[in-house]
Amino acid sequence: MAAHHFTLIATTLAAGLLLPLAAHAEEAVMATDRPDIVESSAVVGLGRFQIETSFASESNTVAGVKTTTRTTPTLLRYGITENTELRLETDGFIRDGQDNGFADVALGLKWHTHDGDEATGKPAIAWLFHADLDSGARAFRGQGVRPSVRVVAEWELPHDMALGIMPGVLADKNDAGEHFVAGIFAVTVGKSWTDGFRTFIEVAGQQLSSRKNGGAVVTYDAGMAYMLSPAMQLDAAVSIGANQYTPDRLWTVGFSVKF
-5 MAAHHFTLIA
5 TTLAAGLLLP
15 LAAHAEEAVM
25 ATDRPDIVES
35 SAVVGLGRFQ
45 IETSFASESN
55 TVAGVKTTTR
65 TTPTLLRYGI
75 TENTELRLET
85 DGFIRDGQDN
95 GFADVALGLK
105 WHTHDGDEAT
115 GKPAIAWLFH
125 ADLDSGARAF
135 RGQGVRPSVR
145 VVAEWELPHD
155 MALGIMPGVL
165 ADKNDAGEHF
175 VAGIFAVTVG
185 KSWTDGFRTF
195 IEVAGQQLSS
205 RKNGGAVVTY
215 DAGMAYMLSP
225 AMQLDAAVSI
235 GANQYTPDRL
245 WTVGFSVKF
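Using the working numbering, the first residue of the sequence shown is number -5, and each one after it goes up by one.
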C-alpha cells in the first residue's frame, strides 16, 4: 500500500474510533515529542491515542541557488501497555519547488523504562526503536529499511527547568548505495513558565557521519509549546543549520491532541 494511503487511512480510522471516547475519558496532561528534536521519555499510556502533526518550511542556499522545502510532519502514537507505545511517523506531504509527493513512513516503538526523581537526581529514561521504510514518492524515497535506536534521559531541575539528552545510532545508505552507520546526539534545556507554557533551547546532532555519508547534520533550535487543555497543544520552533551539511533555516508550527 502506498505510504500516503496508509498514513491517511491509519489517521482517519484511529481518530474516528477513538474520538467518541475522548469526551468520556478522564483528562491527563499530555507530553509530546515535539517541537524539539529530543523526544520525551513519557509514553501515552495503555489504550490512549495521540496525534502530533505540523507544518514545516525549510530553506537552504547552495551555490547561490535557494530552495524551499515544505513538509507536514506527523506522528501517531498508541499505547499498548502503560510503559510501551507503537509509533507511526512521517514527514507527510513534501513540496520542494521541483517535486512533490509523500515522504517515507517510519514504524517504531517507545519503551519507558525508568521514572525520574528530582529529589535524588534520577532521570526518566525511555528507549526508541524505529525503522524507516522506503515507502514514499520516488523523489523522496530512501534506500531500503533504515533502522535506528535512541535512548532519552530527562532530568527535572530546580526552578521549573528540565534537561534532556538523546544519544543514538542509525543505519542508512549513502548516494553510492553503500551502507553506513551514523551517530545521533541532542541536548535540550527547557523552562516551564506556567502550568501550560514552556520554552526550550537545543543543540541537535541529527546525523553525525563522515562527509561521504552526508556529513554532520547539526542544528541550533529554540521553541515553545502552549497547552490549550490537558489534552491539546499548540507549538512552534525555529532551527538554524550549524554547517554546510545542514539546511540553513527551518520553522515549524504544530498541533497535538490526545484521546
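Worth flagging that the hints you see were computed from the coordinates, not collected in a lab. Any given hint could turn out to be false.
[To be verified] Restricting the straight-line Cα-Cα distance to at most 20 Å, the calculated cross-link-like pairs of lysine to aspartate or glutamate (EDC-like) are:
#1 185 <-> 112
#2 167 <-> 111
#3 167 <-> 98
#4 60 <-> 90
#5 116 <-> 169
#6 185 <-> 111
#7 60 <-> 242
#8 185 <-> 150
#9 116 <-> 154
#10 167 <-> 189
#11 206 <-> 172
#12 206 <-> 169
#13 60 <-> 93
[Said to hold, decoys possible] Listed next, with one range per pair, are the computed distances between beta-carbon atoms:
#14 58 <-> 209: 15 to 25 Å
#15 114 <-> 55: 21 to 31 Å
#16 155 <-> 55: 31 to 41 Å
#17 56 <-> 111: 45 to 55 Å
#18 92 <-> 186: 34 to 44 Å
#19 94 <-> 209: 40 to 50 Å
#20 222 <-> 80: 38 to 48 Å
#21 189 <-> 167: 41 to 51 Å
Where is the CB? At the ideal position from N, CA and C, for every residue including glycine.
Original post:
Which of the listed hints are broken here?
Top reply: Violated hints (numbers, rising): 2, 5, 10, 15, 19 and 20; every other hint is consistent with the structure.
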